[in-house]
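Colleague: The primary structure of each chain is shown beneath.
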Amino acid sequence: MKERVTLDLSKLPLHGMGTASVTWWGTLAFMLIEGTGFVLVLAVYLYLMSLAAIWPIDAPKPDLLPGTLVTLILLASLVPNVLMSRWAEQQDLRKIRIGMVVMSLFGVAPLIVRIFEFPALGISWDANAYGSIVWTLLGLHTTHIMTDLVDTLVLAALMLTRHGNNARRFGDVQDNAMYWNFVVATWLPIYGCIYWIPRL
Amino acid sequence: MIRHATRLVCVVTPALLLAGCSGWQSALDAHGAPAMSLKQLIILIVAVCSVVWMLVMIALIIALSRNRRERPLPIAPQPSTQRRMTITIVAAVAATTVVISGFTVMSFFATRALGVTANDELTIKVRGLQWWWSVEYFGTSPEERFETANEIHIPVGRNVRLRLEGLDVIHSFWVPSLAGKQDLVPGRANELLIRAENPGTYRGQCAEFCGMQHAHMAFLVIAESEAEFDRWTSAQRQPAIQPSEEELAAGQHAFLAKPCAACHTVRGTTASGTTGPDLTHIGGRKYIAAGLFETTRGSLAAWIADPQTIKPGNNMPTVPLTPEELRAVSAYLASLK
Amino acid sequence: MKANITGPDTRDTDLERSQLRAELAETWKTPRGLWGALATVDHKIIGRRYILTAFVFLALGGILAALMRIQLAQPEERLIGPDRYNQIFTMHGANMMFLFAVPVMEAMAVYLVPLMVGTRNIAFPRLNAFSYWIYLAGGALLWLSFALDMAPDVGWFAYVPLSGPQYGAGKRADIWAQMITFTELSALAVAVELVVTIFKQRAPGMTLDRIPVFVWAMLVTAFLVIMAMPAIMVASTSLILDRLVGTHFYNPAEGGDVLLWQHLFWFFGHPEVYIIFLPAAGMVSTMIEPFARRPAFGYLALVMALIATGILSFGLWVHHMFVAGLPRLGNSFFTASSMAIAIPAGIQIFCWLGTLWDGKPLFATPLLFIIGFIVTFVIGGLTGVMVASVPFDTQVHDTYFVVAHFHYVLIGGAVFPLLGAVHYWFPKITGRMMSETLGKWSFWLIFIGFNLTFFPMHILGLQGMPRRIYTYQPDMPWHGMNLFVSLSAIILVAGFLLFFLNAIRSARSGAAARDNPWDAPTLEWATASPPPSYNFARIPAVSSSHPLWNRSDILAVASGLRTDRRELVVTSLVTAEPQAREASPRNSIWPLWAAIATTVMLIWSIFSPWAVVWGSIPIAITLIGWFWPKGTPEDES
Ligand code: HEA
Ligand code: HEA
Ligand code: CUA
Ligand SMILES: [Cu+2]
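Protein chains in written order, with my numbering: chain A, 25 to 224; chain B, -10 to 326; chain C, 257 to 893.
In case anyone wonders, no lab produced these hints; they're calculated from the structure.
Where hints are given, some of them may not hold.
Derived DSSO-like pairs (lysine-lysine); straight-line CA-CA distance at most 27 Å [to be verified]:
| hint | chain 1 | residue 1 | chain 2 | residue 2 |
| --- | --- | --- | --- | --- |
| 1 | C | Lys886 | A | Lys35 |
| 2 | B | Lys114 | B | Lys275 |
| 3 | A | Lys26 | C | Lys696 |
| 4 | B | Lys326 | B | Lys247 |
| 5 | C | Lys285 | C | Lys886 |
| 6 | B | Lys247 | B | Lys275 |
| 7 | B | Lys275 | B | Lys326 |
| 8 | C | Lys886 | A | Lys119 |
| 9 | C | Lys696 | C | Lys616 |
Working from the sequences, and respecting the hints, build out all of it.
Modeller: Pasting the structure below:
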């Protein structure tokens, strides 16, 4: 087939940021997948609760302290996270480097408190269905913190090397920040479910 | 359409003519009020759907064979044709909506009719186990309670409410000639209403896959007159007869001495196991092993000698017996009418 | 080295046609040899592999079907024992659904969608490579377990408690659950790639209303995958937890629930069947145009029908549980929602009929399959409407009536269009035509064989024959018809065999194909058959929904892309305005390593929960290797 050039693309940037970036959409799609997963596990919680005569089954109400602490840490982490997303947009490498280190610490902190959260549930996963679902909820969210932490650590290392000064990397930082927001956002309904629904 | 097609297939496959097209376990061979109303509904829906299919086929054939005037290819859609086609399609969609709304309303009322209760209801408890059925009748006092297996007797013309309980995995209770099916789900209490208008023997079968011997988990529903039913229940309430002949006594002795008694109950003896079917009146039941064989001395002996070959995977082990013991035990069980 | 040919930052604008092609070929090539094959990220090579693998699974599943039909031909047949039979029907169902039907549709899309939207590679090409390896590993796991007599034997929907810790002894149910994890992982990956490809990589000017209907169908399907597959992930994971570490999700004695499994499974399972059907419907809408010689009637209606089906499909799952003991009248809601699907399905059927009505049919093999599809799918759809009625279903649920229903919709509704699509796109994929004579023979054998095999099953079901029984007794009135069914299956298998022969023969020695042998209107036909590694030397600039039917031999294209790095155009979501000249990743071996690490972890976790802990370390390492920048031109920005 003969071709006729009707459009010139040479002026376009080499990399799109935000909604012009394919990785941004990819991250969004993965968030949709995982978000659906969270919703379903929460639905399982409510379903099992609706069947049980008493809830929690054979267990005390979960101890509020560690869970609330995690919630506070996660909420606090939003501030540097949002700032960092802004720095990435401004392509300010120096600030991003500091921000990545801060965010790595904010990834570690909730994991440490989480170690105390599991015993605070007051029930083992193999005791009954209530134990199974709260452990699963908490475990599922923990894996999300851990994967994002690994991601943040690797990205932080990357930003500290010569590969750092690159619009593509700034986009990665933004996507990483967006994902962390998601990790925090999903925690809130889980927190409400695990700790407050039994208190209603 | 189903009738038609059935006839067609019967002609195509002569073997079927011998068997007869409607069987004793068939939704098309309805003998109970629920099954009859279901059959009517099925025929009606199938008929309407056949008409819908035919209309689509007519449209397809015309569309493919229509004479067309020559037009340059690819054809550019013409506004007038587009408009006419749009109208036709909107009409067809409207018709579709009418048909499915009709089906939905019909289904709703048919479902509601299936749950209607009556005062003279008889309640029976049916438990599904891998791979047999335990049946429990209650009567008016605790002494009137009795258990049997794989065979349910019901009085003709009376509603029978089955309380269905799954003990291990999910099973499904289905006697198509009398009613639709209902699952037996562990941890849930399900019920099913059945009713027979005509006396007869109706075969049913587990319809939910439940493991190795799902294929051999049949049962019979025997509908009989009120008098016969009463006679049957009072006979069932009796404990097993004590053996009068020497061979039968030897059989009973072996049965009680061997592990059989650990799994089976024979009321009136010390055998009171519950892992296997109640054998108090096994000799009077039509089939053994959930519809596998007719009950005879021979089939009982074959079963006891090697249940794992006959029904691989079932929960009765092969209990080593001497030939004499085997003969005696099967004679004894056959005598338990 | 490349720098010797041209300087860095070479633009296609500066180059002669032949030099442009040479340079693009150099940049986009997959090196010869094993390493090249393992490291490639070319969507066409991966797509071809995917399609081929899926068809191998079809043949394997078909062989299992043949075994079942031999076993069921006579009462009390002793060929296959109950244990093997249960493995066989489970394998047949799981294989056909998870290893054939869903992957084959995604595979077709992996190959076709980038070409149809006019881009050079799928989005996230390395994820695409990863997804194929994971799929292959899942299939291998299932079939290996079958060879070792360890295959799942609990049915393709593995109801608890039969599949639970108490009754599902051994590792069989775990293998089922982990096979699910593999296939869902790969399906989810492809879904993400497709969504992003369709959203962001369409050729400039391909606005939403110019997207080929097949691409729309794949977009809706990808969203169904994204929303539905997490349900089965949750289900299979919790099942493994119940089996491996003693949780109690499905144990009624400890507050769990048996029906929870069914809810979770069918919340996925029902959309699953439209994940299979919608791509097929999209294929029909796209293929019907060149064979009716007319644009498909009702583009908007067709697209809306796809979307409506997608949305409705999440509100129907209970129709698989009508006899499980949920409140019967509440079930009536699901009767209504299930039947409502007849409306979008009807709209599509009517639009296709209208297209044929006004068009001028060209009776080539693909059109025959479309016609066969309409004939049989309408039967299957109507039986679907029948079983959607609660009272009707109480008689036919779990009988051969349902078996008939779903083979009519699966084979009639999805496999027929797929076979048509293979005949249709074969020249594009291989550069050779399939034989029309053999194609027509195989169509008639399959069409006749199929109906003779599956129609009598409706009657068998009404006559009380339950499904999933390994044998039946001679006094049941089913043997004549079962024999008939089994004999008819010979015709069906012969048809499939002929199809396979035709495909293999034509791939080797078929007549050479032109770029656009069917005079079709969509972009994949604008490039060579088979397409070069870079798909399009210059990205097409689209200005209509049928870019190749503009009655001119000239294709409008865009220029200005670099040739020394893998570059493609990112466009805006709705109007497809160019936004960036985005890089597309180079070949890489890391996806294979990541897939191997994931496979080790998943299989190990059948045996020990610690696998999840220790097994994720190699996965993390391979992922870092995958994403760490290698200093190629693609990393520039
Ligand atoms: C490609 C796969 C596919 C497709 C497209 C469908 C389509 C439909 N299915 Fe099917 N179904 C399956 C695959 C599929 N199904 C499978 C695999 C199972 C069994 C799983 C198992 O148990 O193993 C199953 C089981 C199944 C059940 C459960 C049965 C049971 O277990 O007892 C039900 C119940 O409602 C059902 C309903 C429907 C309906 C209403 C449609 C509708 O989408 C059909 C709509 C189409 C039409 C109606 C035809 C075209 C319309 C017209 C020509 C307009 C005119 C129409 C009217 C006036 C009515 N299906
Ligand atoms: C897309 C899905 C799909 C497809 C294509 C098929 C195809 C076929 N199916 Fe299947 N079937 C299912 C999906 C499918 N099935 C599902 C989901 C179940 C439920 C499972 C369950 O209950 O858990 C089921 C169950 C099922 C049963 C019920 C089993 C039971 O309940 O006990 C039966 C019985 O007859 C059957 C028969 C057939 C037959 C004869 C074919 C034929 O169409 C097969 C045709 C033959 C071939 C496709 C092979 C041809 C090729 C060769 C012979 C080799 C040549 C090879 C080379 C040259 C490389 N199927
Ligand atoms: Cu019990 Cu099937
Ligand atoms: Cu469904």
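Colleague: Confirm or reject each hint.
Modeller: Hints and how they fare:
Simply put, lysine 886 of chain C and lysine 35 of chain A have alpha-carbon atoms about 26 Å apart, close enough for the 27 Å limit, and the pair holds. Taken as a hint, the lysine 114 of chain B and lysine 275 of chain B pair is honoured in the structure, with Cα atoms around 20 Å apart against an allowance of 27 Å. At most 27 Å may separate the alpha-carbon atoms for a hinted pair to count; lysine 26 of chain A and lysine 696 of chain C exceed this at roughly 34 Å. Between lysine 326 of chain B and lysine 247 of chain B, the direct Cα distance comes to roughly 22 Å. Compliance with the 27 Å bound is thereby established for this hinted pair.
Taken as a hint, the lysine 285 of chain C and lysine 886 of chain C pair is honoured in the structure, with Cα atoms around 18 Å apart against an allowance of 27 Å. Distance restraint check for lysine 247 of chain B and lysine 275 of chain B: the Cα-Cα separation of roughly 25 Å lies within the 27 Å cut-off, and the hinted pair is therefore satisfied. Simply put, lysine 275 of chain B and lysine 326 of chain B have alpha-carbon atoms about 11 Å apart, close enough for the 27 Å limit, and the pair holds. Using a Cα cut-off of 27 Å, the hinted pair lysine 886 of chain C and lysine 119 of chain A holds, with the two alpha carbons roughly 24 Å apart.
Distance restraint check for lysine 696 of chain C and lysine 616 of chain C: the Cα-Cα separation of roughly 19 Å lies within the 27 Å cut-off, and the hinted pair is therefore satisfied.
Comparing the model with each earlier hint shows a violation of hint 3 alone; every other hint is respected.
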